[in-house]
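> What follows is the residue order along each chain.
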Amino acid sequence: DVQVAESGGGLVQPGGSLRLSCAASGFTFRNYWMHWVRQVPGKGLVWVSRINGAGTYTNHADSVKGRFTISRDNAKNTLYLQMNSLRVEDTAVYYCARDSDHYCTDVWGQGTTVTVFS
Amino acid sequence: QSALTQPPSASGSPGQTVTISCTGTSSDIGRYNRVSWYQQHPGKAPKLVLYEVATRPSGIPDRFSGSKSGNTASLTVSGLQTEDEADYHCSSYADNKWVFGGGTKLTVL
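Line by line, the protein sequences are chains A and B. Count along the first sequence starting at 1, add 102, and that's the number in this note's numbering. Count along the second sequence starting at 1, add 466, and that's the number in this note's numbering.
The hints are simulated quantities; they were obtained by calculation from the structure and are not laboratory data. Hints are not guaranteed to be accurate.
[Unchecked claim] Taking lysine to any residue and the SDA-like style, the derived pairs with C-alpha atoms no more than 20 Å apart in a straight line are:
id	chain 1	residue 1	chain 2	residue 2
1	B	K513	A	R189
2	B	K563	A	Q105
3	B	K563	A	G128
4	B	K571	B	V484
5	B	K513	B	T491
6	B	K534	B	T471
7	B	K513	A	S187
Note that this is a predicted model, so its numbers are computed, not measured.
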């Protein structure tokens, strides 16, 4: 089965850091761009970051630029999101998603919850 | 506030047809035919139901269709079934980033 599974969420105070991981299986991970998308429960989805298959190109939403860094380890079939200088407004469920090559994402994980509280 | 505007709710009876709109700008929906729609049941991950405005991924029934006019895209669900009750999110590519709507809760009465 093609799947991705996030981990690493938790509780953190403002200004703190967390690293999210996303383990991929069932497909050739290095061949796909990957994304992080977040969602406050009951609200809409928000795109966060993306990375190309080789890990040589990344871009981030303005709201996280300079604080979050997306990366990947193709040998481990794992995607990462390093989140620094966390803010209360970063509280959300974070999803890892595979790019479909059609400007959308076709495989999503179940998400991992990040809560930033003061 | 989301970049794309969707109605917060929509509803229909089983067998009926419902259309959900998604309004953006000339920088996203109006510029690119790269609109996608996602279905999300409570507590579940989003699921792709349409991409590139009107293309269905494998396994999505043809009851789901899409269109676009100007800065507005639409998702139409015909022959409503109880399992179609979910949140629907639209998305558009927009100059090296993606924007989403706030989501529409579809209720099957």
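> Each hint: holds or not?
Taking the hints in turn, this is what the structure says about them:
1. Between B:K513 and A:R189 the alpha-carbon distance is near 28 Å, which puts this suggested pair outside the 20 Å criterion.
2. Between B:K563 and A:Q105 the CA atoms are separated by roughly 24 Å; this puts the pair beyond 20 Å, and the hint is violated.
3. For the hint linking B:K563 to A:G128, the alpha-carbon distance of about 27 Å lies beyond 20 Å, and the restraint is violated.
4. Among the hinted pairs, B:K571 with B:V484 is consistent with the structure: their alpha-carbon atoms are about 12 Å apart, no more than 20 Å.
5. At roughly 24 Å between alpha-carbon atoms, B:K513 and B:T491 are farther apart than 20 Å, so this suggested pair is violated.
6. For the given pair, B:K534 sits about 14 Å from B:T471 by alpha-carbon distance, which is consistent with the 20 Å threshold.
7. As the CA atoms of B:K513 and A:S187 are separated by approximately 31 Å, the hinted pair breaks the 20 Å bound.
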